[in-house]
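The task is simple: from the sequences and hints, build the whole structure.
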Amino acid sequence: MLEVRDLHAFYGRAHILHGVSLEARAGEVVALLGRNGAGKSTAMKAIMGLVPPAHGEVSFAGQRIDRLPPYRIARLGLGYVPEERRIFTELTVVENLEVGRQPARDGAPTWTEDKLFALFPNLAGMRERPGGRMSGGEQQMLTIARTLMGNPRCVLLDEPSEGLAPIIVEQMANSIRALKGEGLCVLLSEQNLHFSQAVADRAYIIEKGQIRFGGSMAELTADASLREQYLSV
Amino acid sequence: MTLSSILIQLLNGLAAASSLFLVSAGLSLIFGVTRIVNFAHGSLYMLGLYGAYSLIELFGRTPLGFWSAVVLAALAVGLVGVLIELAVLRRIYRAPELFQLLATFAIVLIIKDIALFTWGAEDLVGPRAPGLSMAVEILGKRVPAYDLLLIVIGPLVLAAIWLLLTRTRWGALVRAATQDREMVGALGVDQAKLFTSVFFVGAVLAGLGGALQIPREPANLELDLAVIADAFVVTVVGGLGSIGGAFLAAVIIGVAKAFCIGIGSVTWFGVEISFSKLTLVVEFLIMALVLVVRPYGLLGKPQAAQRVAAEPAPPFTVPSWTFALVWLALLIVVPWVTDRYAAILLTDIVCFALFSVSLHFIMGPAGMVSFGHAAYFGIGAYAAGLLLKRVGLPMEAALLIAPLVAGAFAIVYGWFCVRLSGVYLAMLTLAFAQISWSIVFQWDSVTGGSNGVFGVWPSPWLADKTVYYYLALTLCGAGIAFLWRVMFSPFGYALRAGRDSPLRAEAIGIDLRRFQWAAFVLVGALAGLAGAVYAFSKGSISPSTISIAQSTDGLVMVLLGGVETLTGPVVGAAIFTWLRDVVARNTEFWRAVIGLVILLIVLLFPQGLVGGLKALAMRWRERHA
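If you read the sequences in order, they're chains A and B. Counting in this note's numbering, the first sequence runs from 1 upward without gaps. Counting in this note's numbering, the second sequence runs from 234 upward without gaps.
If you are wondering where the hints come from, they were derived from the structure by calculation, not from laboratory data. This one's a predicted model, so the numbers in the text were calculated from it and none came from an experiment. C-beta: ideal position from N, C-alpha, C; glycine also. Heads up, a few of these hints could be off.
Footprint (simulated), chain A over chain B, 3 or more residues, beta carbon under 8 Å [as the list claims (entries may be wrong)]: (1) 400-407; (2) 411-425.
Counterexamples of contact, computed for chain B against chain A with all Cβ distances above 12 Å [what the hints assert, rightly or not]: (3) R324; (4) L331; (5) S366; (6) P377; (7) I386; (8) R449; (9) G495; (10) L511; (11) L637; (12) S654; (13) R732; (14) L832.
Computed, partial: chain A to chain B, Cβ under 7 Å [stated by the list, open to error]: (15) M48; (16) P70; (17) Y71; (18) A74; (19) R75; (20) Y80; (21) R86; (22) F88; (23) E90; (24) L91; (25) E95; (26) E98; (27) V99; (28) G100; (29) Q102; (30) G150.
Here you go:
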């Protein structure tokens with residue numbers, strides 16, 4: 001579904017990604033693990049076209065997307081949930097969802113407000129509340145729901161568990177499993193190994209803009225030295 | 234004042250407020266989504282007025298003809314807005330904000346000449362609205378029925394915009410993009426189309442504002458800058474991006490102006506105060522007051538920083554000594570070997586070079602964009618002239634004291650300005666320039682009013698044009714060299730630190746406001762020096778030295794050359810002054826020619842001329858390395 005090959009990207013003049021390759025298949029949850037500043041968010045932004053890739057290929061659903069503007073990439077069915085949430089604070093919950101709305105698409109689940117409120121029950125009670133007056137956990141739910149309104153085939157989740165209370169992290173894990181159940185492909189970036197182990201099938205480890213490991217979650221769980229080298233703080 | 238005359242002035246003010254609100258709402262909407270300060274918005278208003286005039290002539294003076302002309306004119310202006318967006322602005326959304334500003338200046342110049350070409354220089358007085366030309370009697374006074382209609386139209390349009398923004402998908406997208414347009418794009422929304430549609434709606438509002446004024450004010454070529462100044466004031470007083478705030482501000486300003494006209498001259502405690510003369514300044518006084526109390530306007534909120542991956546401005550490079558000496562030698566030799574005319578043109582150029590470098594200092598290193606830099610240039614010019622003619626000082630003394638006077642004004646104006654930042658700061662500088670202009674324009678007994686001051690000639694030993702040129706070169710050259718030197722002093726570094734990160738600069742102990750205030754005074758005094766030198770070279774001074782047009786000329790010079798280089802403003806001043814001189818001698822439509830040249834440069838060299846040439850040189854060197 002999503003295939004990245006030898007991706008290089010710059011942020012200003014700083015060379016952040018040095019040839020990242022990874023892939024995510026339909027119905028699969030893939031974790032991109034790494035420490036702060038390893039290049040996780042930049043990789044997500046480069047895939048989405050928010051940071052223009054300097055070199056390398058990104059294909060999505062059989063089509064090259066590495067030269068497309070972000071809105072064209074989104075319209076092909078690749079959803080993006082940013083790390084900082086970026087909720088429209090002046091808009092109500094329903095209006096935030098409206099901005100994300102795109103036509104239904106073949107081969108992807110079609111989301112409605114009601115279906116999303118069933119997935120994120122917290123949001124159902126605050127339909128008219130402005131995004132700026134919600135808690136961090138509620139905003140995180142809303143930002144995912146907003147992206148789902150675009151009926152994506154694949155979702156990029158940038159650090160979904162960051163800064164959330166343990167009980168909300170638990171709910172988030174359930175939601176991600178529900179997305180997988182709908183047949184979506186999910187690529188999530190994480191520092192939280194425990195959370196990733198709970199939801200992901202496969203994992204990549206990124207450090208200094210390069211992929212150091214790619215394999216099943218079970219392999220990573222079994223290899224303590226790998227975790228020690230790249231993930232422990 | 235009686236109750237009935239108060240009521241009449243109130244109605245008068247409300248009628249004027251409607252058009253003001255329409256044009257400001259459009260400006261605010263466009264700024265919110267695209268972050269472009271559209272200087273051409275007043276030009277769109279002007280086109281609406283001219284367009285309605287022509288269409289009424291075409292359709293006939295019937296109610297149907299009148300109203301279809303008004304609506305069609307507004308829609309046509311909307312299409313002009315779309316054309317501007319597609320042809321120019323769409324290509325430069327990623328360019329620095331100031332460059333977008335320059336592009337909209339160029340459009341102002343082009344539209345002005347298109348209007349001059351199409352409708353001529355004479356004011357065109359439109360017909361009264363057919364069927365509404367009668368007056369309604371209220372409390373024994375007669376009020377034009379058309380004014381009452383305008384009073385209703387304002388709130389109706391406010392309601393329509395509000396519904397559009399809160400009840401439609403388009404409105405949700407517009408409000409979302411106002412906060413974070415990159416995120417809107419990542420959700421699959423085509424920003425380009427959204428921007429075009431916003432431009433259309435904003436331009437229609439401006440065009441409608443103009444077209445509706447047809448029975449109230451004649452179509453004329455001065456409307457573009459006059460209206461944009463008014464619209465800036467209204468949006469800033471109301472709060473950028475707040476439509477409701479724009480309405481409130483339009484009403485306050487419309488009514489305040491109407492009362493100033495209505496009250497006329499009053500004698501209080503034996504002092505005659507002319508309120509009608511206050512009309513030109515009252516809105517700027519209101520704005521200065523509001524911004525000091527509420528820096529984000531009445532209903533505005535602090536601006537959300539748009540997420541654009543902007544690179545920090547690169548450090549300045551100092552021109553080498555050989556480079557500087559070669560140019561200096563050329564500047565000294567040229568008037569010897571050429572005619573008297575070259576000395577006159579070069580005198581203009583060095584004056585404007587200092588003007589432009591001083592503006593660049595406050596915009597670039599200090600990070601405070603000024604839309605009203607002509608204030609200090611003009612005050613310097615007037616101070617020189619008045620000290621010579623009214624006080625009777627020798628010319629040399631007048632020339633040296635004038636910059637101090639300009640600096641003194643900068644102390645007062647700057648105290649207010651450094652309390653703000655960004656667009657609000659720029660607007661406040663415009664307000665102070667406009668206040669200065671109004672005082673000069675109306676204080677006939679001292680400043681000569683619209684005629685200006687005559688006979689401001691230098692002392693006999695400087696009478697020769699070439700000798701005077703050397704004086705100008707010495708003084709302005711010294712001013713420029715001094716400003717460049719200051720940029721690399723601890724004071725200059727502190728200013729640049731404050732521009733790049735105000736919080737961090739303050740955290741390491743820089744009292745940023747005081748530094749910015751000092752910078753304001755410094756550039757004010759040097760712009761005043763440029764003005765004084767300029768005044769004695771021309772022999773007369775007119776209020777146009779303080780006009781908005783003079784301020785925008787300065788911005789064009791700085792931006793044309795490029796903000797990110799030291800020499801850019803000098804090159805920009807030279808090219809602009811020379812180009813204007815050459816073009817104006819050959820065609821009546823010199824503004825359009827200059828506008829087109831600016832557009833071309835903006836589209837080809839988004840970093841300004843010097844910046845663009847440097848980038849080209851770097852690419853060439855890389856290829857041949």
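- Hints violated by the structure (numbers, ascending): none
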